[in-house]
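Visitor: Just so you know, we're using our numbering here: the sequence shown kicks off at 1 and counts up by one.
Just so you know, these hints were derived from the structure itself, not from any lab. Among the hints, erroneous ones may be present.
Claimed, not checked - DSSO-like cross-link-like pairs, simulated, lysine-lysine; straight-line CA separation at most 27 Å:
no.	residue 1	residue 2
1	K201	K106
2	K173	K53
3	K139	K160
4	K51	K175
5	K53	K95
6	K75	K160
7	K53	K158
To be verified - Computed beta-carbon distance windows for the label pairs:
no.	residue 1	residue 2	range
8	E176	Q216	19 to 25 Å
9	A205	K142	27 to 33 Å
10	K159	E59	15 to 21 Å
11	K112	T83	33 to 39 Å
We treat Cβ as the ideally placed atom computed from N, Cα and C, and that holds for glycine.
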Amino acid sequence: MRILIALFMLVSTGLSTTAVFAKPAPAPTMAAKDVDGVLSKYRQAPAIQAKVKKTVVQETMGTENTSTGDFYFSKGKLRLDFTSPEKTSLVYDGKFVWLESRLDDKNIQVTKMRTNELKRSKSVLTALFEKKDILRNFKMVKTAEAEGAKNYFFEPKKKKAEDEIQLLQIVLKNKELDRISYKDQLENTVSFDFSQVTKGKVPAAKFSYKVPKNAQVTEI
Numbered sequence: 001m002r003i004l005i006a007l008f009m010l011v012s013t014g015l016s017t018t019a020v021f022a023k024p025a026p027a028p029t030m031a032a033k034d035v036d037g038v039l040s041k042y043r044q045a046p047a048i049q050a051k052v053k054k055t056v057v058q059e060t061m062g063t064e065n066t067s068t069g070d071f072y073f074s075k076g077k078l079r080l081d082f083t084s085p086e087k088t089s090l091v092y093d094g095k096f097v098w099l100e101s102r103l104d105d106k107n108i109q110v111t112k113m114r115t116n117e118l119k120r121s122k123s124v125l126t127a128l129f130e131k132k133d134i135l136r137n138f139k140m141v142k143t144a145e146a147e148g149a150k151n152y153f154f155e156p157k158k159k160k161a162e163d164e165i166q167l168l169q170i171v172l173k174n175k176e177l178d179r180i181s182y183k184d185q186l187e188n189t190v191s192f193d194f195s196q197v198t199k200g201k202v203p204a205a206k207f208s209y210k211v212p213k214n215a216q217v218t219e220i
């Protein structure tokens, strides 16, 4: 479960290396509308695709890992293909979540998860693209601007120590999604940075998955 969460969910404490100038937060409803106004364009598009960089910072371990790859979304279906430094794919075909990790062509591990488990996992990335009212469970705590980007910071309305998300950051730049990130209860930070976002058609095959030969499959 935590593998899926790590791939889907995102947090940041505003960890930009440049100076960020905070200003008074507008009404939470307006902030939610700003964010959803951008995301709704993606929801309404036949499909979107983008380059993505995932960064995972583990505070307790003092480590930082970065992966790069491609992101695809269409009509509630999602795919993430990371090619560097390790080859990993995550496909949500509308019924199942498939997570494939491979050391090489002979050592392939596949995890299959049912849709109801996806819902329980509180997968923020999927929810943000699918649901118009996803931010109803969050309150905006501040906004900030840096290098032409608008940063929106949210916390759960009913914050609990066991909640996976303690702080949610959404960054918009030129009315496009630039970053989604989250900070969890263990002070880990997971960030997804998007670039080269395009709207159009994505082959349906991108959202289907076939288990490779000789793969070791685990079903949750």
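Visitor: None of the hints should be skipped; say for each whether it holds.
Guide: Here is what the structure says about each hint:
{"no.": "1", "hint": "K201 x K106", "in the structure": "violated (33 Å)"}
{"no.": "2", "hint": "K173 x K53", "in the structure": "holds (16 Å)"}
{"no.": "3", "hint": "K139 x K160", "in the structure": "holds (14 Å)"}
{"no.": "4", "hint": "K51 x K175", "in the structure": "holds (17 Å)"}
{"no.": "5", "hint": "K53 x K95", "in the structure": "holds (26 Å)"}
{"no.": "6", "hint": "K75 x K160", "in the structure": "violated (32 Å)"}
{"no.": "7", "hint": "K53 x K158", "in the structure": "violated (30 Å)"}
{"no.": "8", "hint": "E176 x Q216: 19 to 25 Å", "in the structure": "violated (39 Å)"}
{"no.": "9", "hint": "A205 x K142: 27 to 33 Å", "in the structure": "violated (42 Å)"}
{"no.": "10", "hint": "K159 x E59: 15 to 21 Å", "in the structure": "holds (19 Å)"}
{"no.": "11", "hint": "K112 x T83: 33 to 39 Å", "in the structure": "violated (22 Å)"}
Figure legend: structure checked against the earlier numbered hints; hints not met, in rising order: 1, 6, 7, 8, 9, 11.
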